[in-house]
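Colleague: Keeping their order, the protein sequence lines are chains D, G, X, V and H.
Going by numbering that gives the first Met the number 0, 189 is the number at position 190 of the first sequence; the sequence numbering is gapless.
Going by numbering that gives the first Met the number 0, 161 is the number at position 162 of the second sequence; the sequence numbering is gapless.
Going by numbering that gives the first Met the number 0, 43 is the number at position 44 of the third sequence; the sequence numbering is gapless.
Going by numbering that gives the first Met the number 0, 209 is the number at position 210 of the fourth sequence; the sequence numbering is gapless.
Going by numbering that gives the first Met the number 0, 24 is the number at position 25 of the fifth sequence; the sequence numbering is gapless.
Check the hints yourself; a few may be wrong.
As the list claims (entries may be wrong) - Taking lysine-lysine pairs in the BS3-like style, the calculated list, with each CA pair at most 27 Å apart, reads:
1) D/K86 / V/K122
2) D/K115 / D/K173
3) G/K34 / X/K94
4) D/K115 / D/K239
5) G/K160 / X/K160
6) V/K122 / D/K123
What the hints assert, rightly or not - Label pairs and their calculated CB-CB ranges:
7) V/A8 / D/M111: 35 to 45 Å
8) G/K34 / H/A8: 35 to 45 Å
9) X/T152 / G/Y1: 23 to 33 Å
10) V/L110 / H/P86: 50 to 60 Å
Keep in mind that the hints were calculated from the coordinates and are not lab data.
Even glycine gets a Cβ: it sits at the ideal position worked out from N, Cα and C.
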Amino acid sequence: MWTWFHRLASPPSFYQFSEIVSPWVLLSALGLLGYGLFAGLWMAPPDYQQGDAFRIIYVHVPAAALSLSLYTGMAVAGIIALIWRMKLAESAIAALAPVGASFTALALLTGMLWGKPMWGAWWKWDARLTSELVLLFLYLGIIGLNSAFVDRRAAARACALLAIVGAVNVPIVKYSVDWWNSLHQASTILKFGKPTITPEMGIPLYISLAGSYLLAGYAVLRRMQNELLLRERRANWVSKLLSEQKQP
Amino acid sequence: MYLLSAIAVDVARGDRALLEGISFSVAAGDLLHIKGRNGAGKSSLIEVLVGLRRPQRGRVEGLQSQQMHWVGHRNALQPDLTLAENLRSWCSLQKLKTANVSDALEHLGLRALRHRPARTLSMGQKRRAALARLLISPRPLWILDEPLSGLDTQGTLLLGKLMNAHLADQGGIVVTSHQPLPGRIARVSVLDLA
Amino acid sequence: MYLLSAIAVDVARGDRALLEGISFSVAAGDLLHIKGRNGAGKSSLIEVLVGLRRPQRGRVEGLQSQQMHWVGHRNALQPDLTLAENLRSWCSLQKLKTANVSDALEHLGLRALRHRPARTLSMGQKRRAALARLLISPRPLWILDEPLSGLDTQGTLLLGKLMNAHLADQGGIVVTSHQPLPGRIARVSVLDLA
Amino acid sequence: MISVIQHLAREFRVAARHKTEWLMPLLFFAMVTVLFALGSKPGDPRLAEMAPSVLWVGALLAALLTLDRLFRGDLDDGWLEQVFVAPGAPTTYALAKMLSHWLLTGLPLVLLAMPLGLLLGMKAGQGMNALLIGLLLGTPILSLLGGFAAALTVGLPRAGLLLPILVLPILSPVVIFGSGAVRAANAGLDSSGPIYFLAALLTLGLTLLPWVASVALRNAFD
Amino acid sequence: MISVIQHLAREFRVAARHKTEWLMPLLFFAMVTVLFALGSKPGDPRLAEMAPSVLWVGALLAALLTLDRLFRGDLDDGWLEQVFVAPGAPTTYALAKMLSHWLLTGLPLVLLAMPLGLLLGMKAGQGMNALLIGLLLGTPILSLLGGFAAALTVGLPRAGLLLPILVLPILSPVVIFGSGAVRAANAGLDSSGPIYFLAALLTLGLTLLPWVASVALRNAFD
Ligand code: HEM
Ligand SMILES: Nc1ncnc2c1ncn2[C@@H]1O[C@H](COP(=O)(O)OP(=O)(O)OP(=O)(O)O)[C@@H](O)[C@H]1O
Ligand SMILES: Nc1ncnc2c1ncn2[C@@H]1O[C@H](COP(=O)(O)OP(=O)(O)OP(=O)(O)O)[C@@H](O)[C@H]1O
Ligand SMILES: [Mg+2]
Ligand SMILES: [Mg+2]
Chain D
0 MWTWFHRLAS PPSFYQFSEI VSPWVLLSAL GLLGYGLFAG LWMAPPDYQQ GDAFRIIYVH
60 VPAAALSLSL YTGMAVAGII ALIWRMKLAE SAIAALAPVG ASFTALALLT GMLWGKPMWG
120 AWWKWDARLT SELVLLFLYL GIIGLNSAFV DRRAAARACA LLAIVGAVNV PIVKYSVDWW
180 NSLHQASTIL KFGKPTITPE MGIPLYISLA GSYLLAGYAV LRRMQNELLL RERRANWVSK
240 LLSEQKQP
Chain G
0 MYLLSAIAVD VARGDRALLE GISFSVAAGD LLHIKGRNGA GKSSLIEVLV GLRRPQRGRV
60 EGLQSQQMHW VGHRNALQPD LTLAENLRSW CSLQKLKTAN VSDALEHLGL RALRHRPART
120 LSMGQKRRAA LARLLISPRP LWILDEPLSG LDTQGTLLLG KLMNAHLADQ GGIVVTSHQP
180 LPGRIARVSV LDLA
Chain X
0 MYLLSAIAVD VARGDRALLE GISFSVAAGD LLHIKGRNGA GKSSLIEVLV GLRRPQRGRV
60 EGLQSQQMHW VGHRNALQPD LTLAENLRSW CSLQKLKTAN VSDALEHLGL RALRHRPART
120 LSMGQKRRAA LARLLISPRP LWILDEPLSG LDTQGTLLLG KLMNAHLADQ GGIVVTSHQP
180 LPGRIARVSV LDLA
Chain V
0 MISVIQHLAR EFRVAARHKT EWLMPLLFFA MVTVLFALGS KPGDPRLAEM APSVLWVGAL
60 LAALLTLDRL FRGDLDDGWL EQVFVAPGAP TTYALAKMLS HWLLTGLPLV LLAMPLGLLL
120 GMKAGQGMNA LLIGLLLGTP ILSLLGGFAA ALTVGLPRAG LLLPILVLPI LSPVVIFGSG
180 AVRAANAGLD SSGPIYFLAA LLTLGLTLLP WVASVALRNA FD
Chain H
0 MISVIQHLAR EFRVAARHKT EWLMPLLFFA MVTVLFALGS KPGDPRLAEM APSVLWVGAL
60 LAALLTLDRL FRGDLDDGWL EQVFVAPGAP TTYALAKMLS HWLLTGLPLV LLAMPLGLLL
120 GMKAGQGMNA LLIGLLLGTP ILSLLGGFAA ALTVGLPRAG LLLPILVLPI LSPVVIFGSG
180 AVRAANAGLD SSGPIYFLAA LLTLGLTLLP WVASVALRNA FD
């Protein structure tokens with residue numbers, strides 16, 4: 000098990016691995032998302048309060064959930080990168096940041112779109128909304144820091160440290176709704192125990208949730224590949240790879 | 000018994016490989032003169048020796064950096080602190096007694112300047128201040144990167160004397176210099192990176 | 000006909016008098032070697048010659064600073080700009096054509112480094128970059144402050160050649176150096192501030 | 000004129016070394032606004048009324064953040080010396096420095112002020128216009144004055160207390176008139192008075208400060 | 000412990016050389032608040048209610064002004080290298096740096112906050128206490144976090160603007176809880192909850208951040 004893990008952890012073999020895996024990830028992502036969104040946007044019954052406006056949920060919740068999970072993932076990758084100085088984890092940080100940033104932006108956008116009909120305003124200085132906005136700034140900060148360095152390893156390690164320290168913000172975003180009396184509704188779906196949402200609304204949501212996780216995974220894998228090529232451009236496995244691609 | 004030895008050391012800057020398979024050892028009474036054209040990698044190698052930079056491959060054995068005196072390209076003088084203050088705060092950093100500070104300054108002819116802020120010193124005066132550290136406390140190994148740059152003839156001869164004295168009482172020296180070293184030194188070995 | 004002459008010049012730093020009654024003149028084909036211990040006032044005098052600092056008394060006559068090349072202790076390289084960019088922006092500052100920049104870099108063996116940010120250069124490489132300015136446009140008078148500091152032997156010899164060539168076509172040079180100047184120079188006069 | 004542009008080119012090349020450089024003042028400005036909002040009670044209507052001052056302070060801060068280092072680097076690596084022995088007038092250099100600071104920091108801030116104002120609940124209209132025009136005139140004044148202050152600190156390291164006591168009083172009327180104009184406009188009054196004052200201040204600064212700054216810089220050498 | 004003090008001694012000597020360094024933030028803080036006072040009509044109750052957030056944000060941003068230079072000088076003149084080859088742990092150096100920043104900037108700001116609060120029409124009492132205690136806990140957190148960010152960016156060309164972007168998001172909880180405590184106290188509610196949270200955050204930062212910062216500094220060398 001460990002040996003297998005170690006072999007996978009070396010850049011070239013990981014590159015090959017994701018070269019094989021990522022198409023399938025993409026495929027299943029599109030499949031699930033397609034079904035989930037279709038089921039959500041057409042088949043699911045309109046909400047008894049919100050009418051059809053609620054259907055944004057099928058984009059909003061996955062995006063929001065990802066905005067948090069991806070950051071957590073980045074912090075974890077950071078810890079690994081710092082302790083074991085693992086190239087793979089280092090490239091993962093650089094790959095996760097932009098993806099996470101875009102999902103956060105999406106959550107904000109869909110949230111605002113949803114807020115207009117629900118709360119009668121695009122934006123309210125509400126705990127969760129604001130903390131999510133702050134999360135976006137965190138992502139942008141990491142992207143900025145990463146691009147400020149010339150040496151990729153130094154950049155990765157700096158970003159790792161920042162990501163870890165910045166992780167204090169994640170629980171605040173997640174539980175803001177419970178700690179402050181927020182406009183934003185409390186967790187009903189993404190919480191342990193019995194979710195309180197009717198199946199015909201819930202099932203599609205979970206499916207599109209899974210789909211978007213896979214999609215994010217695909218994006219991250221691809222970005223990691225790029226990052227690895229960039230860092231290892233002087234290594235011979237890269238030059239071999241390129242020459243192979245030149246042949247046909 | 001060696002003071003310091005490098006074993007098959009590779010050095011890189013960023014992703015550029017600089018040196019490969021560098022091996023040497025410095026015994027008590029030895030002086031190792033590292034030569035090489037500009038950009039050969041002397042300073043980078045020295046930063047590896049003092050433990051500031053990790054070698055790409057290979058390892059460095061021997062004394063800890065607490066037993067070395069290192070004078071790099073930069074003089075580590077805070078421009079707004081006076082000469083004396085600079086050396087004293089260096090002492091406390093190195094956990095050394097500050098008793099010898101004024102003697103050291105005296106020895107390098109900086110006595111009159113000891114209350115001047117470092118920013119108001121001439122190039123060579125700053126260099127002398129950096130070298131004054133060698134005299135504050137005896138340590139077996141000196142690692143000097145271009146110590147002669149900016150020194151006048153008197154200063155160069157003085158450094159030659161100091162190095163000889165240090166070698167005489169069983170010290171070791173690793174030094175990079177483009178100019179020939181002053182004074183007649185008994186046991187010199189040269190490492191040419193060119 | 001003199002390129003530059005100092006007439007009874009006094010130099011002071013702050014309220015400290017440094018030099019008094021300095022007089023000399025540099026004709027075409029002459030090299031003036033300014034010597035003196037660390038802190039004698041060489042750099043201060045040179046800053047007076049290039050018009051950066053006013054003399055306490057006396058005056059400096061001859062060419063304007065637009066007709067001199069001056070290389071001081073500091074290399075005037077912006078750490079984040081590449082070598083080529085640094086030299087080019089210096090050209091536009093000096094209202095010179097940037098055509099010769101790459102030749103100049105080539106000549107000093109910096110061609111391969113021209114796209115590197117200056118912060119990633121070694122000490123000697125930076126010094127070479129500063130000296131490359133001399134070759135970008137011909138100017139009658141060169142004023143060099145410790146040009147050899149940090150240069151390797153090859154670089155030192157190279158500078159010797161360049162200085163001789165410059166003197167050969169009726170240029171003048173004022174240079175401070177603690178080390179003996181490289182190359183055999185015909186008409187040297189020495190000004191010792193000690 | 001040409002040499003101003005050449006100086007500018009250098010500044011921009013240095014800035015370009017940092018791909019995300021131009022984004023940072025904007026992010027900072029945004030963060031300041033968000034912090035103010037965070038500090039006050041969620042969904043507080045008073046926020047909109049405080050918005051002009053908030054935005055002005057934010058802009059002032061973002062501008063100040065980079066100013067103090069304006070000439071320091073050039074002094075340390077010896078470029079400043081080169082400027083003073085070069086043929087061109089040092090004034091153009093000082094002007095270019097200040098201009099580059101405004102283009103890289105001030106202008107982006109002005110552009111961001113509008114969306115942030117809306118975010119804080121300001122209405123598009125007279126008030127918003129007054130805000131934008133005010134900032135458009137005020138930020139260059141900040142760059143000029145701040146540049147002068149930076150030159151002073153480089154020139155006379157012993158400037159001591161002189162500097163802040165010199166700059167802040169001149170700076171604050173700018174901000175006061177700036178946000179004053181907005182309040183006037185919001186109250187439906189004529190806001191042209193303070194605006195004209197800012198314009199006058201800017202022209203004055205533009206004609207004097209670069210030159211004064213270059214004189215201050217000269218001090219670094221004797 | 001001793002070595003922390005020795006590091007501190009050096010910092011204070013340097014600071015004593017140029018007094019403006021640490022006066023600038025104070026004057027800036029004062030200016031921001033005065034601006035707000037001038038920004039609204041005399042005796043306006045709204046001002047007193049906005050006061051907590053104004054003071055909190057003002058203080059934090061003022062403290063940020065000096066942070067980006069925390070390690071830069073030591074890197075340039077080669078002192079940082081000496082620290083890393085010296086016997087003592089670099090963590091104590093980082094801690095001393097952060098501590099000195101708080102003592103020279105944070106603490107004075109806290110002391111200034113009280114008069115400024117009164118100026119803004121806050122009443123001495125529960126609210127004021129909550130504000131001061133909050134700042135007393137919050138400013139060191141800023142010095143720690145900011146020091147960490149400064150360490151991250153020390154090698155980089157223009158830390159000046161990058162740094163606040165890194166700090167402010169992580170800092171936002173501090174602002175939320177800090178001014179939250181004041182509002183709670185003003186409303187006659189128990190404000191100990193947020194205060195305890197700040198205290199917890201501070202202890203966490205004190206134990207971790209100096210070490211993390213030293214790791215970040217190490218990063219500047221390979
Ligand atoms: C800009 C505005 C908004 C932002 C930034 C935002 C952000 C978030 C975040 C961070 C989550 C947590 C996801 C997780 O727990 O993993 C979430 C969940 C959710 N949001 Fe929003 N949201 C916004 C507006 C709205 C609006 C207007 C509605 C509808 C009234 C809404 C409905 C939901 C729902 C139903 C969930 C799932 C909660 C659960 O059951 O766990 N959101 N949102
Ligand atoms: N900024 C300054 N303020 C006050 N005094 C200074 C300043 N710079 C240099 N000095 C003093 O002026 C004297 C001459 O300095 P200068 O740099 O000219 O010496 P130098 O001959 O060039 O020495 P070196 O050979 O070390 O370059 C020195 O004693 C120095 O201490
Ligand atoms: N920070 C850096 N990043 C990347 N490359 C660097 C950096 N510093 C130096 N280098 C490169 O590493 C090589 C070795 O530098 P180093 O300073 O060790 O040379 P050196 O032998 O000391 O030269 P000199 O004789 O000029 O001091 C040089 O080619 C230089 O361009
Ligand atoms: Mg070197
Ligand atoms: Mg000199």
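Colleague: It remains to establish, for every hint, whether it holds in the given structure.
Modeller: Checked hints:
1. This hinted pair does not check out: D/K86 and V/K122 have alpha carbons roughly 50 Å apart, beyond 27 Å.
2. Of the supplied pair hints, the one linking D/K115 and D/K173 holds, its CA atoms being roughly 22 Å apart against a limit of 27 Å.
3. The hinted pair formed by G/K34 and X/K94 fails the criterion: a straight-line CA distance of about 39 Å is larger than 27 Å.
4. A C-alpha spacing of about 55 Å is found between D/K115 and D/K239, which places the hinted pair above 27 Å, so the restraint is violated.
5. For the hint pairing G/K160 with X/K160, the CA-to-CA distance comes to about 33 Å; that exceeds 27 Å, so the pair is violated.
6. Straight-line distance between C-alpha atoms of V/K122 and D/K123 comes to about 15 Å, which keeps the hinted pair within the 27 Å bound.
7. Look at V/A8 against D/M111: about 41 Å separates their beta carbons, and that is inside 35 to 45 Å.
8. Separation of G/K34 from H/A8 is about 41 Å and conforms to the stated range, judged on CB atoms against 35 to 45 Å.
9. Distance hint check for X/T152 and G/Y1: the Cβ-Cβ separation is about 30 Å, which falls inside the suggested range of 23 to 33 Å.
10. For V/L110 and H/P86, the Cβ-Cβ distance of about 52 Å falls inside the hinted range of 50 to 60 Å, so the restraint holds.
In this structure, the earlier hints numbered 1, 3, 4 and 5 are contradicted, and the remaining ones agree with it.
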